[in-house]
Amino acid sequence: MILSVMTAGAQGTAVASTVPHIDFGNTAWMLVATALVMLMTIPGLALFYGGLVRRKNVLNILMQCLIATSVISIEWVVCGYSMTFGSSKGILAPFIGGFDWAFLKGIKINDVSPYFISQPTARIPHLLYVMYQCMFAVITPALIIGAFAERIKFKGYLLFIILWSLFVYNPVAHWMWSSDGWLLKMGAVDFAGGIVVHVNAGIAALITAVMLGKRKDYRNHAIPPHNIPFVVIGTALLWFGWFGFNAGSALAADGLSANAFLVTHLAAATAAFTWVMLDWIIGKKPTVVGICTGAVAGLATITPAAGFVDVAGTLFISVASSLVCFFMVAIVKPRLGYDDSLDAFGVHGIGGLLGSLATGLLATPVIQAAYSGAFYGNHKLFWTQLFAVFVTVVYSGVITFVLFKIVEKTVGVRANTKQEAMGLDETMHSENAYTDID
Amino acid sequence: MILSVMTAGAQGTAVASTVPHIDFGNTAWMLVATALVMLMTIPGLALFYGGLVRRKNVLNILMQCLIATSVISIEWVVCGYSMTFGSSKGILAPFIGGFDWAFLKGIKINDVSPYFISQPTARIPHLLYVMYQCMFAVITPALIIGAFAERIKFKGYLLFIILWSLFVYNPVAHWMWSSDGWLLKMGAVDFAGGIVVHVNAGIAALITAVMLGKRKDYRNHAIPPHNIPFVVIGTALLWFGWFGFNAGSALAADGLSANAFLVTHLAAATAAFTWVMLDWIIGKKPTVVGICTGAVAGLATITPAAGFVDVAGTLFISVASSLVCFFMVAIVKPRLGYDDSLDAFGVHGIGGLLGSLATGLLATPVIQAAYSGAFYGNHKLFWTQLFAVFVTVVYSGVITFVLFKIVEKTVGVRANTKQEAMGLDETMHSENAYTDID
Amino acid sequence: MILSVMTAGAQGTAVASTVPHIDFGNTAWMLVATALVMLMTIPGLALFYGGLVRRKNVLNILMQCLIATSVISIEWVVCGYSMTFGSSKGILAPFIGGFDWAFLKGIKINDVSPYFISQPTARIPHLLYVMYQCMFAVITPALIIGAFAERIKFKGYLLFIILWSLFVYNPVAHWMWSSDGWLLKMGAVDFAGGIVVHVNAGIAALITAVMLGKRKDYRNHAIPPHNIPFVVIGTALLWFGWFGFNAGSALAADGLSANAFLVTHLAAATAAFTWVMLDWIIGKKPTVVGICTGAVAGLATITPAAGFVDVAGTLFISVASSLVCFFMVAIVKPRLGYDDSLDAFGVHGIGGLLGSLATGLLATPVIQAAYSGAFYGNHKLFWTQLFAVFVTVVYSGVITFVLFKIVEKTVGVRANTKQEAMGLDETMHSENAYTDID
Amino acid sequence: MKKIEAIIRRSKFEEVKDALHAADIEWFSYWDITGAGKEKEGLMVRGQVFESSYIQRRMLSIVVRDQNVVRTVNAIIAAARTGEMGDGKIFVSSVEESYRIRTGEKGPESLYLNDV
Amino acid sequence: MKKIEAIIRRSKFEEVKDALHAADIEWFSYWDITGAGKEKEGLMVRGQVFESSYIQRRMLSIVVRDQNVVRTVNAIIAAARTGEMGDGKIFVSSVEESYRIRTGEKGPESLYLNDV
Amino acid sequence: MKKIEAIIRRSKFEEVKDALHAADIEWFSYWDITGAGKEKEGLMVRGQVFESSYIQRRMLSIVVRDQNVVRTVNAIIAAARTGEMGDGKIFVSSVEESYRIRTGEKGPESLYLNDV
Ligand SMILES: Nc1ncnc2c1ncn2[C@@H]1O[C@H](COP(=O)(O)OP(=O)(O)O)[C@@H](O)[C@H]1O
Ligand SMILES: Nc1ncnc2c1ncn2[C@@H]1O[C@H](COP(=O)(O)OP(=O)(O)O)[C@@H](O)[C@H]1O
Ligand SMILES: Nc1ncnc2c1ncn2[C@@H]1O[C@H](COP(=O)(O)OP(=O)(O)O)[C@@H](O)[C@H]1O
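Residue numbers (our numbering), protein chains in the order written: chain A, 1 to 438; chain B, 1001 to 1438; chain C, 2001 to 2438; chain D, 3001 to 3116; chain E, 4001 to 4116; chain F, 5001 to 5116.
Think of the hints as simulated: they come from the structure by calculation, not from any bench.
Hints may be right or wrong, so weigh each one.
[What the hints assert, rightly or not] DSBU-like mimics (lysine-lysine), calculated; alpha carbons at most 30 angstroms apart, straight line: (1) Lys1285/B / Lys216/A; (2) Lys5106/F / Lys4089/E; (3) Lys4002/E / Lys5106/F; (4) Lys3089/D / Lys5003/F.
Based on the provided sequences and hints, a complete structural model is requested.
Written out as structure tokens, the structure is:
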């Protein structure tokens, strides 16, 4: 997302106007896009992950997605938005926002959003921008759930995602997306969250999966999903919601948005197809979990590039996405032996990383004139992207490690053996997902 | 929903025009909002309720939601819209509309909607307003289903909701939302249906639950839900659709709409979190059904207030919502012993009531300049709200009682013992929800 | 969908501009409508069909819907859009487009769509039109899945839908919807795909069902669905998505779109109700599968008419829809004994046919001034419609037959007895939908 | 001790359960099974009523002392009968030993139903 | 009377059912079970084929007259065999009494399969 | 040969499985059942903790040679016991014949667990 604060403005008088104002059309699209991004977490991701685990742990996954939506939304209004997009004074400014907008203090209902991409005047309400970004803040920690599924303590999880949002998500999003952010100023780009969302969550996933240790009965391969139709519903809703995620990141309903929509859909379709072919060739059968995983990998990979690439770039990115992610998930992970239960790192982390670097190669000026990648003569963008990814990997990795240690020492993170054996649903929530009694 | 046909709504002179016209942006949003409100009933509410009942009754719940969508939509086009928003002559005018718009006669496709909130000129097509309101007319009787789940005769149910729509929903909606309505003229406000939808359906739920008697095997506590993932999908779709319900009630895609979106999301998040904490403290475990119930309670409670309150007001309302609804559901209901099977009264009725009164306290002029509550110096609004709620409770209660008696005496309302024991799916619909045979 | 590139579309001169431009409001709506149409295939249709089959074949259905979305989207970008909406030279022009737009070459992100209906100036991005049409190209072959469910070879299916899209869908859509199309020029109309989508897929369904032969254990009646709640979720999402399908076919958020929304909803509601009544009278019980089937029949039937008829026409069409489809499915099919497993022909084919002809009778000038049917004095439209339907039936029937034969002779189409007995999930995808092991 | 296995209509389950409790059976176990055989049960799909060769039934498994077999069987038969084809079957077989896991107790003492 | 309990591959169910009907069994009951043991069956998840220590099987329960045990068992074995590990087991035990709920009839008469 | 049918808490399943494998049982079958009886188990719905008369349990079915009955039963009891009400039951009955479908072998040879 590229943004510039420029001028504030009151709303009103549309078209033929050079003053930033609230445009009904763009606002209509962004209201929907915001709702769509929420749908990605609940029930999209919840079902995608929930279908992949065993019956005895499905409610725990659903609960984790629900509570993340609840708690991070509150955190966002209380201080998250302000820390991320607010301004702070002096030396801190490039690194973290202040508390001026805590509780959204001072943001009036007819204020226009200070941020925009392609439409400097036809903008949306500031409060709507707050909400749109809220949904990104919610889904990012929720993505990590896949890494520690089926063995984490609920209390530890809850504390961890709150700390992680405060100390990892908010700063990294500030660097990349705030107009003060140092990575943004350096020229790094991230259209809809390849670095901020996917690399960030993906690295945290890897670190926590390793720190938490394997599930008691993990034997270096996935455990058969308890409900594949749920995985399909989840995938379809993620795909659907991702139109809000990527095409919404244009912050307007215009040509840029339409292109983002197009490349998002094409990337999902192509990566899904590529994965199925790999399944068919290597595993002998085309699988449903495979096509779903491929679609999600393609979506994650195109995310940072969605505002910069054309059809050719998209085809390249999405085929690469499935090749690399398949290799990570089916070959590297079992070799290394860490238990990233639902491949939060292997799909989201690797996908986001690949897409962020590919943007540095394939960004084409026919989409946004100001951004060209190495293939279009601007080598600098690639190195900037590489640097931004590197910084995020290091920062997210280190701070995640520290925060997880803190949670481990205080409330604890690992479910005990009995809880893991009985299932987290019964032991942590006193509930069974499916009850047959009449 | 507050509507004013004559008085202008403050903000935003539109597109170089002072003549009311169809604005594409606002129409775009309202097309989506209308579809979203439909999604709340099917499959949102259908799954929320359907997951909570036993396997043997799930289809009956789904059927009730489907047939309500079908039949009430027909009723709405035939006469409901006209009775609710049409005009009648003389003394009846404040109480019920006439039949001028029966079969939508005389409404042309490019007519602008007579109703608006904040955008007096940039309006939507009249036919779209008809459809938007249709979805409200559908979901209101569907909410009552929770009260008599697992023991009502299908034929009796069908007759009851038709009568109830004609004699309870249409008049009450007229009082509150038609420009002729007496409660509206008195100054009562209901942004998106706290009184018209939630109090109205909630009281009907209480009355019918008591009249129908308990389920044979009800022992003053809920029966374990047969499919909690369905409850979660239902909750998520309700939450998602509620953005159409509340932010759509601005009838435009502007700042007011953005604020309604924000407070809706924040209320759901806060109430969900509050409920989980109560679960954790009182019941010892944070439950999935609990967080879902809390979210729905928060959504129901913020509904009447969504166009009038700010962040502070929302936090107050949503914490109160879960405290009060939890108390009703977990403590009062089992004591009193009535069988409001899925808490249609305890969550929707109480939530709507609380929110409607809270609007009288917390409405702040920074949202809509014309509306202040008691905390902002205008005590009158609180008393007006209290009066409107009281009138609705009495009217809905009495007429529901009469209509239910009529249905009981004619086609009957209570499933017989055998049907209840075998399950309504098999006995009333000759179907089983899940069939294992290959 | 009626489109005209040069000729103006009657109504609504846009805001102070006579140059075609990208309108944010219309673009907002069409971004959403496009996403909605995708949702119809996955997970809408996938669940509708998937719930209706036996447990052992559900993943195969889901997979077929997923791979259709994936492969046909790629085909569409590669050449499908160009073949359908592009221009070719000389004698071929009325029959098929050329390859000028292959890989969307030459379509820039801020180009306006060459197609519009009611808004000649306030248009949408060309790329968005490409995507919107992509979703139609995806769902059409996916509809056919219902005909050969539970017994087709996956490889044969995949090859068949690719060939079918190239040689049946693309040409027929060109005839009807391209500005060069011969059926369009002759005056035939198809607002949202009655002929192009439903008749086309429906006939292909009938042909393939007959060619493939019956399921081994088919005894002239449907096999009980394995998961009716999935059928309900699928139906609700189809209904929801159909607002994008029909109201989106106006290519703008205006009065025409609002009317299409209204008649779509009313048709679904009325046909659903009619079907339930038939169930109740003839089968003795109102069934959930019945109400769902009725709703889908109503939606399919109103599709071609959605931009031309009013409330009265809609009521007529939708009652007829359920009467005729019920008769086909419950009486004709078992008599004739072909195994159209999930009634792709009986519901979609017959519905589309009925609606396309009914448009010729009931199109009323109050909706689009340029189009009147026989009941409004223009008999020609009916005969043109009949001719267009006839041509499509013959062309689709013959080419489907040829393509299916080719696939049969090359990779094969029929699952072997063992695969059919064991279920396609395990034998073709090495997966089980539901796994109980902990 | 004897094991009584009863295959009954699901729709009769509530009545059978009550009858068993009335006959002093404190606990029994059950699960859902499918019966495969000749055409039997009317089902309705999309306007057609038809016969299926699979029927959904419930299996009850109850271990009782020898002297209680007859009254238990009679209770089930009385409660589960409709008189229509498909009412189900009851099979009785011998159980050699029984243990209560909680206490490790053996023999009939591990069952609830007292001698009568 | 004897009870025959057969644990078979789900994929062989249709063939076994047909074989049983061919062997004059009119009705039998079945339900799904899981076998827990040593690694056995190949499954595929996200590009990996692996062995699981749980296998999904189907349990068939058939009560027959004594003289029909052998042909029933033979029918099952013939239809359910693939020759690969995991084909399953058949256990035969004695049933002391049998009742037809519909009529209350007792003994072998309550079974369908006639003496042969 | 004997058939051991154990009804245990689902939550104890993993422990019981490990104990059985430790006691040299190579394969056993299980499925989920419901126990119907007196109020027993605490459940929580919408803020209320309550007792249900249905409890969800797991049924294990293991056929072993006669001489292995005792150690198998003991393994189950040791692993499945919590000491609270509701730990479950074990029933032992006689199996007359056993077949391995793969080979058609008959008798105890068809079982895995060797003589000890
Ligand atoms: N010999 C048998 N072995 C196992 N199960 C049986 C046997 N006979 C009947 N059943 C079961 O009992 C069910 C219903 O009993 P049924 O014999 O149909 O009653 P009726 O004799 O009154 O027609 C069958 O569907 C099947 O599941
Ligand atoms: N002793 C036993 N007790 C209960 N079930 C058993 C026993 N032995 C095998 N089974 C069941 O039979 C299934 C498959 O039979 P198996 O012994 O694996 O065939 P094979 O001997 O050909 O490898 C097992 O998964 C299990 O469910
Ligand atoms: N006589 C019986 N026949 C069949 N199942 C039984 C019998 N007694 C107990 N059960 C099963 O065992 C389960 C739990 O055993 P239970 O008797 O409750 O243990 P405890 O004696 O320690 O309270 C019951 O829910 C039921 O499923």
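Broken hints, by number: Nothing - there is no hint that the structure violates, so all of them hold.
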